[in-house]
Amino acid sequence: MSDAGLLAHDETIAKYKEFVSTSFVAAVEPVVVGRAEGSRVWDVDGTEYIDCFAGIAVNNAGHRHPKVIAAVKEQLEKVVHAATYIYHVPVVAEAAEKVAAIAPGKLSKTFFGNSGAEGIETAMRLAKAYTGRREFIALTHSFHGRTYGTLSVTGNVARKTRGGPYMPGVAFAPVPYTYRNPFLTEDPEVVAERCAEMVEWAITYQTSGDVAAFISESVWGEGGIIVPPPSYFKRVKEILDRHGILFIADEVQSGFGRCGKMFAIEHYGVEPDIMVMAKGIADGFPLSATVARPEIADCLKPGEHLSTFGGNPISCAAAIANIEVMLEEDLPGQSARKGARTLGNLRELAADYPLIGDIRGEGLMIGVELVTDRKTKNPAKAQAAAIRKFCREQGLLVGVGGQSGNVIRFQPPLTISDNDLDRSVEILDEALKNIL
0 MSDAGLLAHD
10 ETIAKYKEFV
20 STSFVAAVEP
30 VVVGRAEGSR
40 VWDVDGTEYI
50 DCFAGIAVNN
60 AGHRHPKVIA
70 AVKEQLEKVV
80 HAATYIYHVP
90 VVAEAAEKVA
100 AIAPGKLSKT
110 FFGNSGAEGI
120 ETAMRLAKAY
130 TGRREFIALT
140 HSFHGRTYGT
150 LSVTGNVARK
160 TRGGPYMPGV
170 AFAPVPYTYR
180 NPFLTEDPEV
190 VAERCAEMVE
200 WAITYQTSGD
210 VAAFISESVW
220 GEGGIIVPPP
230 SYFKRVKEIL
240 DRHGILFIAD
250 EVQSGFGRCG
260 KMFAIEHYGV
270 EPDIMVMAKG
280 IADGFPLSAT
290 VARPEIADCL
300 KPGEHLSTFG
310 GNPISCAAAI
320 ANIEVMLEED
330 LPGQSARKGA
340 RTLGNLRELA
350 ADYPLIGDIR
360 GEGLMIGVEL
370 VTDRKTKNPA
380 KAQAAAIRKF
390 CREQGLLVGV
400 GGQSGNVIRF
410 QPPLTISDND
420 LDRSVEILDE
430 ALKNIL
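Position 145 (the sequence shown) corresponds to 144 in numbering that gives the first Met the number 0; numbering is contiguous.
It should be emphasised that the hints constitute simulated quantities derived from the structure, not laboratory data.
Hints may contain errors.
Stated by the list, open to error - Calculated lysine to any residue pairs in the SDA-like style (CA-CA distance at most 25 Å, straight line): (1) K72 with F284; (2) K380 with L150; (3) K127 with R241; (4) K233 with T184; (5) K374 with A350; (6) K159 with Q382; (7) K127 with S207; (8) K108 with E10; (9) K388 with E10; (10) K376 with N433; (11) K380 with T139; (12) K432 with E294; (13) K236 with L150; (14) K388 with D44; (15) K105 with A296; (16) K236 with E294; (17) K66 with E96.
What the hints assert, rightly or not - Pairwise CB distance ranges (calculated): (18) E303 with N377: 45 to 53 Å; (19) L326 with K105: 17 to 25 Å; (20) E237 with S22: 19 to 27 Å; (21) E47 with A81: 35 to 43 Å; (22) K300 with E17: 43 to 51 Å.
Using N, Cα and C, we set each Cβ at its ideal position, and we do this for glycine too.
All chains, please: the whole structure from these sequences, using the hints.
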């Protein structure tokens with residue numbers, strides 16, 4: 000560690016404390032990122048980390064993928080901003096075409112925004128305009144963004160505190176959380192059936208019969224990496240179709256190969272009416288895409304919607320290159336293989352550590368839920384925080400999530416090597432021994 004690097008490290012942290020608003024973060028990690036490449040991050044002081052959080056599941060193709068960086072540099076020489084929705088910009092048209100090519104089923108027309116929250120707000124606006132209805136069905140434990148509208152359909156109470164009252168016309172059903180649910184069972188098929196029934200119950204008893212859409216993540220990220228039972232979405236879609244309700248799939252965190260397919264909803268055999276993507280879409284450049292069937296996408300009238308920076312040419316160039324990388328390098332396939340292998344390795348640890356209550360995941364979206372007692376399932380929040388700290392001190396960056404802050408999150412770049420994944424599991428093993 001050089002004196003200059005240590006000085007830069009300490010100065011940056013000091014400036015953050017004085018000038019950057021971070022009171023809403025439980026604990027800002029004492030990592031000062033100087034550079035990043037692939038699945039590695041280096042502090043300005045020279046400390047090297049294996050990155051198993053990827054900027055909150057953003058850098059799916061790895062930090063600074065050469066093809067993405069080259070595309071961005073080329074676009075910088077052409078145009079940076081040109082009001083995408085006022086003028087025609089070639090790179091934006093190409094990005095929309097790429098999204099249509101990989102989106103499920105008939106989803107083919109895209110609105111580009113800047114963030115996942117903006118994408119979800121767009122989806123909600125489309126659902127209302129197309130159906131002429133005003134209400135929504137959402138799920139407990141869900142997270143859809145931090146704007147007023149998106150928090151209104153968010154079921155994770157930890158993300159909603161001190162922000163209410165929220166938008167009326169939102170009813171909630173229980174998320175199909177096999178490990179924790181109100182039905183006192185861990186049988187996934189029973190959980191799927193009961194939770195689907197509760198969607199219909201919410202429609203019937205919590206609304207005025209004016210429901211425009213059901214909104215759900217395909218795998219629930221902030222809620223604790225909750226993977227739905229295989230039959231859940233099929234059961235729900237049958238209910239929605241019977242009531243003429245649209246299905247909005249939130250793929251902001253679970254999309255772009257993260258869960259072993261291009262989009263996680265592809266695991267479950269249903270086609271959403273509207274789908275929102277962000278995070279992994281442009282490998283670190285800010286962009287969201289709300290894609291829908293043409294008749295839904297075209298239902299808004301002049302003046303009803305816009306985004307000044309939406310579809311920024313630089314971000315769209317990054318997205319095109321990123322999608323090409325996903326397909327050329329089969330990153331969804333890599334995610335499926337590496338995720339299955341890592342889940343197996345993590346499950347071997349569970350036998351040795353009563354602190355582990357559940358291990359679950361799809362592809363490289365993996366959660367390790369910690370409990371102080373396996374019978375009571377009391378969340379081990381303090382232990383999760385301590386394990387995250389220990390991992391960081393040993394050169395591994397992981398996330399912590401779940402409504403109770405007791406789930407260790409493994410969401411690395413999909414390009415991560417097997418060796419780095421194995422080392423990550425070893426460090427978690429060391430952390431568990433240290434905490435016990």
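Hints, verified against the model:
Between the alpha carbons of K72 and F284 the distance comes to roughly 13 Å, so the proposed pair stays at or under 25 Å and holds. Distance hint between K380 and L150 is fulfilled; the C-alpha atoms sit about 23 Å from each other, no more than 25 Å. Between the alpha carbons of K127 and R241 the distance comes to roughly 18 Å, so the proposed pair stays at or under 25 Å and holds. Restraint check for K233 and T184: the C-alpha separation of about 20 Å stays at or below 25 Å, so the hint holds.
Between K374 and A350 the alpha-carbon distance is near 15 Å, which keeps this suggested pair within the 25 Å criterion. Proposed proximity of K159 and Q382 is supported: the alpha carbons are some 24 Å apart, at most 25 Å. Simply put, K127 and S207 have alpha-carbon atoms about 15 Å apart, close enough for the 25 Å limit, and the pair holds. A threshold of 25 Å between alpha carbons decides the hint, and for K108 with E10 the separation of about 47 Å lies outside it, so the pair is violated.
Proximity of K388 to E10 is assessed by CA-CA distance (about 21 Å); at most 25 Å being required, the pair is judged to hold. Taken as a hint, the K376 and N433 pair is honoured in the structure, with Cα atoms around 21 Å apart against an allowance of 25 Å. Between K380 and T139 the CA atoms are separated by roughly 19 Å; this keeps the pair inside 25 Å, and the hint holds. At roughly 56 Å between alpha-carbon atoms, K432 and E294 are farther apart than 25 Å, so this suggested pair is violated.
Proposed proximity of K236 and L150 is supported: the alpha carbons are some 23 Å apart, at most 25 Å. Simply put, K388 and D44 have alpha-carbon atoms about 18 Å apart, close enough for the 25 Å limit, and the pair holds. With a CA separation close to 11 Å, the supplied pair K105 and A296 stays within the 25 Å bound. Between the alpha carbons of K236 and E294 the distance comes to roughly 20 Å, so the proposed pair stays at or under 25 Å and holds.
Between K66 and E96, the direct Cα distance comes to roughly 19 Å. Compliance with the 25 Å bound is thereby established for this hinted pair. The hinted range of 45 to 53 Å is satisfied by E303 and N377, whose Cβ atoms lie roughly 48 Å apart. Taken as a hint, the range 17 to 25 Å holds for the pair L326 and K105, whose Cβ atoms sit roughly 21 Å apart. Distance hint check for E237 and S22: the Cβ-Cβ separation is about 45 Å, which falls outside the suggested range of 19 to 27 Å.
Range check, E47 to A81: about 40 Å between beta-carbon atoms, so the 35 to 43 Å window is met. For K300 and E17, the Cβ-Cβ distance of about 47 Å falls inside the hinted range of 43 to 51 Å, so the restraint holds.
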